[in-house]
Amino acid sequence: MSSLDNIKNNNVSRRKFMGLLGGTALGAFIFEACGVPEQEYIIQSPVDMPEDYVKGEDNWYATTSDTSEHGESIIVRIMQGRAKKIEGNPDFPITLGKHKAVTETEIQTLYHPDRISGPLYRKTSSGNHRPISWKEAESILKESLLSKGNKSIITKSLRGMNKGIIDQFSNAKGLKHLTLSSLHDYSMYESSKEVFGTKSLPYFDIKNSDLIISFGLDFIGTWGPVEYKNQFGKFRSKDHRGYMVQIEPRMSLTAAAADTWLCSNPGREGLIALMIADQIIKNGKGNSTNINKFKELAGISDISELNNSSSGLDPKSVGLATGIDYHKLEKLIEKLIAHLENKDKGKIIFLAGGATSGYPNSKSINSLVFGLNYLTGSVNNKGGIVLNPDNVFEDIEINGEKLNLPVSSSWDSLDYWKEEIENWRLGSQDLIIVRGVDLINEIPGKSAITEAFNNSKMSIGFGTVLNDTLERCDLILPDNTTMQSWGSDIPEPRTGYPLFAFGQPVASDPYTRDGSKKLFDSKSFFNVLLSQMENGLSGLTYMDLCKEISNKIYKSSSYNNSSIVASNADDFFKGIMTRGGWWNINKKSSGPKNPKINITNAVSDVKRSNNNFHLIPFKSHVFGDGNSLANPWAQGSPDPLTSITWDSWIEINTKTAEGLKIKAGDILKVTSNSGSVELPAYLHPAVPSNSVSIPIGLGKQNFTRYASERGSNIVELIDTSKLNEDGNISWNSTSVSIEKTKNKKKVSKFEGTVPAIAVEPGVPILTVGPNESAEEGFHRSHEEHLDHAFGDNWKDKKHDEEKGH
Amino acid sequence: MVAEKQSKFKWGMAIDIDKCTGCQACVLACQAENNIPINTEDNFKDARGIEWIRVERYWEGEFPDVKAKFIPILCMHCDNAPCEPVCPVYASYHTVEGLNVQVYNRCVGTRYCANGCPYLVRFFNYWEPEWPESLQNQLNPDVTVRSRGIMEKCTMCIQRIRRGTRKAKRDNNEVMDGDISPACVQACPTEAMVFGNQKDPNSKINKMKNDKRSYTLLDHLKTNSNVWYLAKVDEDIDSHNKEEGH
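Taken in order, these protein sequences are the chains called A and B. Residue numbering for the first sequence follows my numbering, beginning at 784 and increasing consecutively. Residue numbering for the second sequence follows my numbering, beginning at 31 and increasing consecutively.
Think of the hints as simulated: they come from the structure by calculation, not from any bench. Take these hints with a grain of salt, some might be off.
Pairwise CB distance ranges (calculated) [claimed, not checked]:
| # | chain 1 | residue 1 | chain 2 | residue 2 | range |
| --- | --- | --- | --- | --- | --- |
| 1 | B | Glu-90 | A | Leu-1443 | 19 to 29 angstroms |
| 2 | B | Glu-204 | A | Ser-1491 | 29 to 39 angstroms |
| 3 | B | Glu-163 | A | Pro-1538 | 31 to 41 angstroms |
| 4 | B | Lys-229 | A | Ser-1491 | 51 to 61 angstroms |
| 5 | A | Ser-1491 | B | Lys-242 | 49 to 59 angstroms |
| 6 | A | Gln-863 | B | Asp-207 | 24 to 34 angstroms |
| 7 | A | Asp-1127 | B | Asn-240 | 45 to 55 angstroms |
| 8 | A | Asp-1127 | B | Glu-265 | 50 to 60 angstroms |
| 9 | A | Pro-1538 | B | Arg-193 | 28 to 38 angstroms |
| 10 | A | Asp-1022 | B | Tyr-88 | 27 to 37 angstroms |
Using N, Cα and C, we set each Cβ at its ideal position, and we do this for glycine too.
Work out the full structure, taking the sequences as your base and the hints as a guide.
Take a look at the structure:
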């Protein structure tokens, strides 16, 4: 039967009919002749088709973010009980209506197809898990807690009420609380608190600053609340555009956004900080009160006393020691002095963290850099470091039980962890409870940790999906996401005033398509712990505790002139939940309390063997430490610098790779003193010739259908023989060799999907000088490109043409 | 054209590249809002990933004087759109509010529009989009899920525009500048992206359009794009010019 027969017999769909017409001259003729009225186009727009009309109302509810380590607040669009979209809470001080890429993935955590459907239990470590009821599970948990032996509970770093509940639970049941995460910034948190004399991280007033000099802190990429990214936009869009310098051994997103990236040899950044201090003091442009304050806090009479290296502090010597062209260091000093002289537009801020927290001298270098803010008068001033006051209260008493509300994050040192794991190995552990961390993949020594973990008489894991640690637990308990639970946090960093974040359950539990059963039967981790309490907290839920805090705020003097006005405590609580938290911008810090700049090793010497490379591990901008990788959006979101998706990779300098005959996609064997892994090579020009970089978080054996057995876990490469001043891992101090294998891989990446859209061949992104228009920039770029492509020949030709030759 | 002149709106977008950090927040926000199929590993390997907005990264220079620069690229909603006249079934058309949109149930998948688009921002569904059952809970009910054989593209989140204009009408208000934001603009942490009505003389987008750093991509093709870019700033260029006496 022909197509026309089909049409005659009415056997053809409308779409097929259109297709047939569209593909023929007849089709074009018919449409032309009919002259479809313009109004019809409007009616048939994609959202106005009758079948697309959506019935029902949507609502946006505020709650806390699962993926944020800073206590950010989100709003969730809910339709018929289902979560549809996440956005940053526009009311909340550290989100301002914006959110990070990873925040979107939280919705996939809620509806993940591999969520643990209900409690699972195995009687022996070699047995299989079988589903049990929550009643049975809670009874097993209760029995396990009765044990008199060693018991531990392991979580991410916690603050506020979450930490308070864990402390209460641990004390009541005799557990030890340990915290863990890969590549954490403990040294930065601790040194900043010491240098500025505060109990929590200060606030970095980036938007009002005129010059940012950041030593490694990736506040645009992997660290910091989204508000800091927003501040960067404002820093760029002021009448006088702010200038930013990033000093670190790997180009992060912050380095990419900076006006100048100074790539220092790992560990030598302290020399640059000392050079800056030396120049400010010697140049005579610094304020003498500020200089004396710095010297007093550091306990020195001359900067040279802090220099533990053999290098001088002049730009040439520092350039030699750091591997940076000294002209660039001279330019940095010029910029700095010009800002010191400018009273109106001369606000300077020095930031530290990230890369600097990965060196053996992490605490010293971070303290030194933060201390520079005293030299420039940037402490507790606009455009500088704004100190956070103590929160409204630091604990709360409920039914005679004191609940601590700590304001700052903390992580246990590797020294402490080694001791703990040794106890497990010796078989003296009765119970391990783990929640929110993939313990065996996040600290070096996977096989030893696995063996030790298996030695525990009982292990209980809380989580939303299975991972390598959870699947080894005897009892597995499905946890709620923050969109299903009550929640709270004390954000860190706060924005210079008291601030609480609160969350609420916003989405209904999803059911199967036929509505016969829930897709998963989960409970809130904290509610499960509270249900085990036998003291004054017994019988209370997390929501009750949120209400208690709300009541205490309402009754405190800080309530006056705060973010919420209510006629009674109930309305106040509703107001808090509607806005996602509470804050009072009128309560400011009075200044540093007992500050101290404690520098023992300003400069570190991170060694590498001949022909070896420094290994600079990093967190991905999208999937962070790897815990978001279970979600396909996190996997499928291109890494901003390499555009790689769904895999791990090793970054190596293009020219270095050429010398070693390494091509993109070649599988390289990377070996350190601790182990080896194999990864595909990605070549780019922003890697220093003496180092290679690899993202952490991949290489898990069992982590849902989307993340199992993807990439390599490079935690195995990290050298733990040299710990830093806090007893933590020196993440950036590992030396590795690389060896090309015979294998090659087509890496999944966005790069190459579409050809470049160039403004002009060779000039893909139009760049102008500060006083240049787009048109001027275009002509300059055009000439530069011709210069580059044809040398002087084109100019001679143009000249001849103009003269009529 | 008469209807276009009578309309109160002509939508457009401006993107300040100097503030773009390449963070991908716009890309994921767009995927979440517009029911874009999951981009699998194989999709990327086959160069078939669907991103209505993408962030392109360019390297400039060699180490240590190397820079990474980012530019978000989306449909330019051209007034003189090359994708429109080539569509044999009028699936690709221009609204009176200045948007270039796609009528999915008209599209027969000839892909002429994608061939005609110089910005490469039209995407063809080579496969039926699939989500596991539980992830279907998240799909946005305001946006059609496109089937296999259909061309799709950025609509400037027309569902948000419709919602915003309807709400203003219902409340007897005017649509104010900033009332409506496509998902990418809403998410952008640095506020590099701005969306607005070009017919509102006081709108932010008009100010950005008239900024001296403003330009449009592939201007020489005369597509009359409705997305403007503000050029990236490099202070070294200025000092370089001064040194050479320019």
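(request) Give me the numbers of the hints this structure contradicts, sorted from smallest to largest. (result) Hints 2, 7 and 8 contradicted; others consistent.
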